[in-house]
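Asks: Residues per chain, in single letters:
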Amino acid sequence: MGTALQITKRAFMIGGVAVGGGMVVGYAYLRDKPGTAGFEDWGQKAEALNAWVKITPANEVVIAVPHAEMGQGVYTAIPMLICEELEVDLDSVRVEHPDLDGKYINEYPIKHEVGLESGPILWVIMRIIAKMPMIATGGSSTIRGRYDDARRIGAATREMLIAEAADRWGVAPSECYARKGQVHLRGQDYMFTYGELAEAAALRDMPSDIPLKEKKNFHTVGTPQRRLDIPAKVKGEATFGIDVVLPGMLYAVPRFCPHHGGTVAAYNIASVETMPGFKAVVPITDGVAVVATSTWRAMKIANALDITFDPGDGAGVTHDTVAADLRQALTGDTIFTAEEDGDVAATFAASDDVFEASYDLPYLAHTCMEPMNATVRVQGDQAEVWSGSQSPTLAANGVEQGTGISTSNVTTYNTFLGGGFGRRAEQDFVRAAAEVAKAFEGTPIKMTWPREEDVRRDIFRPAAAATFKATLDEQGGVSALHARVALQSVMAGVGERFGLAMASPETDKTMEDGLKFSPYHFASRLIDKAPYDNPILIGNWRSVGHSHNAFFMESFIDELAHHSGQDPFAFRAKLLQNAPRQKNVLAHVARIANWESPIGAGRGRGIALHTSFESTVGEVAEVSVAADGSFTVDRVYCVIDCGPVVNPDTVKAQMESGIVYGLTAALYGEVTFEDGAAQQSNFTDYEALRLYETPEMIVEIVESDDRIGGVGEPSTPPIAPAVTNAIFNAVGIRVRTLPLMNVNLRIA
Amino acid sequence: MPITFRVNGVARTLDIEGDTPLLWVLRDELGLTGTKFGCGVAACGACTVHVDGSAVRSCAYPVEAVAGAEVRTIEGLANGDTLHRVQQAWIDHQVPQCGYCQSGMIMAVVDLLDTVPNPTDEDIDFAITNICRCGTYSRIRKAIHAAAKAGEDA
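Chains as they are written, first to last, in the numbering used here: chain A, 1 to 748; chain B, 749 to 902.
If we strip away everything but chain A, and leave its shape as in the complex, we get:
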């Protein structure tokens, strides 16, 4: 038997007896409206499975976290939330990825029980059993979405255990309390371990009232906790997708058409078929795959393969044509309004000082440390996939695309991710492996992308261009602001690849993310966008639209401050008159950075503030610029308000991480094209920031009881403008395009 409880219109708590005894409680989240109507095209509305708690008769507490651990600490944060309410110590639990094949849920009783009760719940369970929950990790969403849910799982489990103990003692539940994996009777020495209670507790009704602890009573949440995944990671024992080893597997290496929009024209197997370990060359989407008896042999053969490509639609697409086309789009006829308030045009017409500036940003690669890879085995009408994916759902979709096997017949095994950054929210790397696996039925195929393929065949952060115009009132406030951006639509690209009608440039909100709903007070405002497209694949990149729009907005705000003779900090503070949360972060970061203090010749300080994923981050960068134009970013002060904090050390680590990621892009990030083919291919020509050039980082968290925000992305958007604003402060050179390696900072 099992029970289910509807928590909200779309959320259900589910409890039951675990396979092998004990108790299991989980939380299913029905995505009534996933925000992307196209998900319904898969035949059913998508649904997300949240964490599961299992308590064994041997008193072992196992927490299953379905979210992708890509370094952001979710593997620890979700268990922290559950342990807080369950009253167990974090270091006493085991964490694993859920296996949805029935190991967790003894499916019959639950199916039976809820089947009698309620259609929607049965449907949720059926979907779980069909192994196809909509699990996705991205948009800094995990903790935002799960802060209350995860605690409710812990609390519901605790209440059921307490109720069982109370019955056994013949007392009221209020006479009992839970502590460190045991239920105690107040004022007595009586005690049951959770393991002793679990199986019987699992048969109890789910409590209808689930009291959550007050923050002041937290013992785990809000205090720094050691991450549970780190010991394995320092011993080389953590399994990433690339580490998957299966008996009898073969190794595949792709060779993609380097021209986005192009195709393979011809290839000659005779050139390689006598090489050691050769098995086959298999055509795959946009390229071929070499199959061999080891990764190295496959790489060597792929390199030696005589292959020619047709640039197709990529012909003629270069860095310069993209830049020119984006500029043209900004003044073109097709413009979509994202936000309009007041009469901007009239305000400009009445002003004799309309300040204007234009900005350009390049394509960016992700370069996750772990190159793209996946392992797939096809057997009849069934398939299995092992991969580090930000979305097992999309991984299954990738298998379907590559094999024609329905996602309901695909089992996904998610591993640790060697970086995600939005790149692993795609399914192309799974599809490619699946296409090969289909040709080798019964044999597991592990496909590993050489770094060169990983870069050239990335799904890039789009290049973007913008023009900003503003006019100021007599008090130095902004009476009108017009911001216009031009870029390819990320969501249209994603939708096209996933076979979903997700968005058009008109409806793609990521294009205006960070411009629309700006916390700054503009007496009138117009945010609009110019669509633009070409064959270059573009997708999500850490912070998505915020990554370019924060640079545009925070550069322009800085320019406006200088244009009107105002201090950049004071000017921002004035514009934040209606945004106390942002103003507080701004003041905090200015204070710890000693904003008012002199900084010395050749040095400069720059400030930037940006709200994304419901968190606000303020950063102050300090730079030194030498007479020859060389420069260093010496120090970055960073303050975040992300609402309630789960693991403060993880929040700080994510701030540091996002700063370094954004700094890499600001200094070195640029992918250029010839005939639609990326001209960069490895860390030798697509550099990453290294230890010696990493600034000292001082991170502080503003405690707030406001809504919880994400932490994986919000520190990336402000860093580039903080640095370029600091450069202006140091040497008076305004940087309107990145990366900085192309900018001459030598003072003439």
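I should point out that these hints are in silico values taken from the structure, not numbers from a laboratory.
For every residue, glycine included, the Cβ atom is placed at its ideal position computed from N, Cα and C.
Mixed in with the good hints, there may be bad ones.
Claimed, not checked - Facing chain A, according to a computed beta carbon distance under 10 Å, are these residues of chain B, among others:
1. Arg775
2. Glu777
3. Leu825
4. Gln850
5. Arg881
6. Thr884
As the list claims (entries may be wrong) - Here are a few chain A residues that sit away from chain B, every Cβ distance over 10 Å (derived from the structure):
7. Pro207
8. Ala280
9. Ala304
10. Met369
11. Arg591
12. Ile599
Start from chain A and add chain B according to the hints.
Replies: Chain B only, in chain A's frame:
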């Protein structure tokens, strides 16, 4: 032609193409997947292992060059259940995020501390050129100093 060498104290003989990078011998032939593939051109350091006590980037190090040598990988760093002091410092300072680069990072740092037991920041800047895309560098620096101190106290 068979090539014999030792990996984490165990003798291994493999009949394999001599130009195969040590990285792929460790990963695909010996199942030691703790050593990671990052770039294939010795640019990122994710594949760092020790050959006769010195750090090398195994993705560009042909296996024929280790004939007769002693190779140490991340799997051979701890002494039974006792972690190497660099591994312990990595836990104490909560260094890893995604963790993918950290095997190579740790092996590079162990070599640094074997050579320069108490490195300055400049020594660290010069020696540790491995790439970490999660940006754990500032914690790495702190953890190196802590491991150096633990070495002094030992």
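Asks: Can we keep the arginine 881 of chain B interface hint, with Cβ of chain A closer than 10 Å?
Replies: Nearest chain A Cβ about 5 Å off; hint holds.
Asks: Is the shortest C-beta separation between threonine 884 of chain B and chain A less than 10 Å?
Replies: At about 7 Å, which falls below the 10 Å cut-off, the nearest Cβ of chain A leaves the hint on threonine 884 of chain B intact, so it holds.
Asks: Verify that the Cβ of alanine 304 of chain A lies farther than 10 Å from every Cβ atom of chain B, and report whether the claim holds or is violated.
Replies: Its Cβ never comes within 10 Å of chain B, the nearest being 13 Å, so this holds.
Asks: Is alanine 280 of chain A truly not at the interface, in the sense that its beta carbon sits beyond 10 Å from all beta carbons of chain B?
Replies: 18 Å, holds
Asks: Under 10 Å is the threshold here; is the Cβ of arginine 775 of chain B close enough to any Cβ of chain A for the hint to stand?
Replies: Holds, about 7 Å.
Asks: Return the status of the interface hint for glutamate 777 of chain B: holds when the least beta-carbon distance to chain A is below 10 Å, violated otherwise.
Replies: Since the shortest Cβ distance to chain A is 7 Å, the answer is holds.
Asks: Taking C-beta pairs only, is isoleucine 599 of chain A more than 10 Å away from all of chain B?
Replies: Per Cβ check, isoleucine 599 of chain A is outside 10 Å of chain B; nearest 21 Å; holds.
Asks: Against chain B, does arginine 591 of chain A hold up as non-interface, every C-beta pair farther apart than 10 Å?
Replies: 22 Å, holds
Asks: Grab the minimum beta-carbon distance between methionine 369 of chain A and chain B and tell me whether it stays above 10 Å.
Replies: 4 Å, violated
Asks: Are glutamine 850 of chain B and chain A close enough, Cβ to Cβ, to be under 10 Å, as the hint says?
Replies: 6 Å, holds
Asks: Please check whether the beta-carbon of proline 207 of chain A is more than 10 Å away from every beta-carbon in chain B.
Replies: Label holds. Min Cβ-Cβ 36 Å, cutoff 10 Å.
Asks: Answer holds if the nearest beta-carbon of chain A is closer than 10 Å to that of leucine 825 of chain B; otherwise answer violated.
Replies: Hint holds; leucine 825 of chain B Cβ to chain A Cβ min 8 Å, cut 10 Å.
Violation of the numbered hints given earlier is confined to hint 10; every other hint is satisfied by the structure.
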